[in-house]
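Undergrad: Please take these sequences and the hints and turn them into a complete structure.
Sequential numbering of the sequence shown, starting at 1, is according to this note's numbering.
Calculated directly from the structure, the hints in this document are not laboratory data. Ideal Cβ positions, reconstructed from N, Cα and C, are used throughout, including at glycine. Certain hints may be false.
Unchecked claim - Simulated restraints on C-beta separations:
#  : residue 1 : residue 2 : range
1  : Asn266    : Ser53     : 34 to 40 angstroms
2  : Ser72     : Asn291    : 35 to 41 angstroms
3  : Tyr178    : Arg302    : 41 to 47 angstroms
4  : Gly165    : Glu96     : 40 to 46 angstroms
5  : Ser53     : Ser177    : 29 to 35 angstroms
6  : Gly312    : Phe278    : 41 to 47 angstroms
7  : Ser72     : Gly206    : 28 to 34 angstroms
8  : Lys284    : Gly312    : 27 to 33 angstroms
9  : Gly44     : Thr314    : 32 to 38 angstroms
10 : Glu149    : Glu65     : 26 to 32 angstroms
11 : Gly120    : Phe181    : 18 to 24 angstroms
12 : Glu145    : Pro16     : 36 to 42 angstroms
13 : Phe278    : Asp170    : 31 to 37 angstroms
14 : Leu279    : Asp208    : 30 to 36 angstroms
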Amino acid sequence: METSTQSDDWTATDMPDQSGRTVIVTGANSGLGFEATKAFTQRGAHVVMACRSLERANRARREIESMTTGASLTVLELNLGSQASIRQFATDFDSEFDRLDVLLNNAGVMMTPYSTTENGFELQFGVNHLGHFALTGLLVDHLIETDGETRIVMQSSVAHRNGTGEIDFDDLNGRQSYGRFEAYAQSKLANLLFTYELDRRLRAIGTDTIAVAAHPGLSATELPDGDSEMETSTIQKIYSKFVNTFLTQSAATGALPALYAATAVNVDGGHYIGPDGFLEVRGKPTHVVSNATSYDHATARRLWDISEGLTGVTFELEEPQLA
1 METSTQSDDW TATDMPDQSG RTVIVTGANS GLGFEATKAF TQRGAHVVMA CRSLERANRA
61 RREIESMTTG ASLTVLELNL GSQASIRQFA TDFDSEFDRL DVLLNNAGVM MTPYSTTENG
121 FELQFGVNHL GHFALTGLLV DHLIETDGET RIVMQSSVAH RNGTGEIDFD DLNGRQSYGR
181 FEAYAQSKLA NLLFTYELDR RLRAIGTDTI AVAAHPGLSA TELPDGDSEM ETSTIQKIYS
241 KFVNTFLTQS AATGALPALY AATAVNVDGG HYIGPDGFLE VRGKPTHVVS NATSYDHATA
301 RRLWDISEGL TGVTFELEEP QLA
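TA: This is the structure in structure tokens:
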């Protein structure tokens with residue numbers, strides 16, 4: 001991959017040339033995913049837009065094509081709340097593509113009323129963590145077999161520090177007690193535990209594939225509403241509008257940490273990228289640190305084993321020794 005000069009004011013124009021590279025972006029039709037997709041295509045990548053709604057995805061595809069000469073895009077259906085859909089996506093991708101350079105696990109739901117996925121998992125844990133866990137497991141061989149360094153980027157959140165700051169292994173599906181924010185925080189902590197454990201396992205087999213995490217700070221997207229097609233309370237909608245109006249940065253700026261994690265030359269496996277501003281709420285991308293639990297090997301190992309059992313997706317990667 002071509003290198004680029006890094007600076008304190010890194011933007012999408014500083015991304016290395018992505019020509020000849022294939023990138024998957026989950027949730028590519030709006031918000032951070034849309035901005036990341038646009039940036040990748042502008043730098044020459046072929047982007048697979050992995051989206052739940054084909055109608056919205058194709059609308060977004062046409063918009064990007066209208067503003068980017070030579071944009072190379074493919075739309076494939078992916079519902080992260082359905083293990084069957086995830087497996088079908090992996091099959092569809094396998095039939096069309098022979099390389100995968102970047103998997104950007106970006107899609108998610110946030111602070112939704114209690115609900116479950118098609119497979120009976122609490123929605124936020126099921127989509128944000130288990131959905132991406134399964135997707136990554138089904139695609140990791142593509143990344144490993146692609147020539148050169150390839151990257152898996154997991155979109156987490158500053159919210160991982162809140163709630164209990166732990167994984168409630170006794171009630172992962174929130175059946176005993178459910179709080180919208182607590183469940184969201186847990187799912188974002190799970191993203192980090194998964195990323196770091198995945199990178200340790202990739203290192204153990206000596207591959208050029210690395211796993212990196214990122215977070216957007218507070219960005220103006222549709223995510224605080226959970227999903228534009230899902231029911232949300234009036235209070236939550238008012239709160240989301242207030243946050244998006246007065247406290248957030250643009251989705252284009254919010255997408256920069258993930259783009260940096262996916263392409264910058266001074267990024268290594270297990271790194272965590274977020275905004276450089278006060279409390280990491282906004283700013284340009286930089287290396288940041290997640291909470292102590294996210295780095296705990298035993299917790300990550302336990303979550304990994306449970307996630308394999310729940311999804312039925314097993315990674316053929318060597319299990320590193322516990323520190």
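Undergrad: Each of the hints needs a verdict: does it hold here or not?
TA: How the hints compare with the structure:
{"no.": "1", "hint": "Asn266 with Ser53: 34 to 40 angstroms", "result": "36 angstroms, holds"}
{"no.": "2", "hint": "Ser72 with Asn291: 35 to 41 angstroms", "result": "39 angstroms, holds"}
{"no.": "3", "hint": "Tyr178 with Arg302: 41 to 47 angstroms", "result": "21 angstroms, violated"}
{"no.": "4", "hint": "Gly165 with Glu96: 40 to 46 angstroms", "result": "41 angstroms, holds"}
{"no.": "5", "hint": "Ser53 with Ser177: 29 to 35 angstroms", "result": "32 angstroms, holds"}
{"no.": "6", "hint": "Gly312 with Phe278: 41 to 47 angstroms", "result": "43 angstroms, holds"}
{"no.": "7", "hint": "Ser72 with Gly206: 28 to 34 angstroms", "result": "32 angstroms, holds"}
{"no.": "8", "hint": "Lys284 with Gly312: 27 to 33 angstroms", "result": "40 angstroms, violated"}
{"no.": "9", "hint": "Gly44 with Thr314: 32 to 38 angstroms", "result": "35 angstroms, holds"}
{"no.": "10", "hint": "Glu149 with Glu65: 26 to 32 angstroms", "result": "29 angstroms, holds"}
{"no.": "11", "hint": "Gly120 with Phe181: 18 to 24 angstroms", "result": "22 angstroms, holds"}
{"no.": "12", "hint": "Glu145 with Pro16: 36 to 42 angstroms", "result": "21 angstroms, violated"}
{"no.": "13", "hint": "Phe278 with Asp170: 31 to 37 angstroms", "result": "36 angstroms, holds"}
{"no.": "14", "hint": "Leu279 with Asp208: 30 to 36 angstroms", "result": "35 angstroms, holds"}
In this structure, the hints that do not hold are numbers 3, 8 and 12, in rising order.
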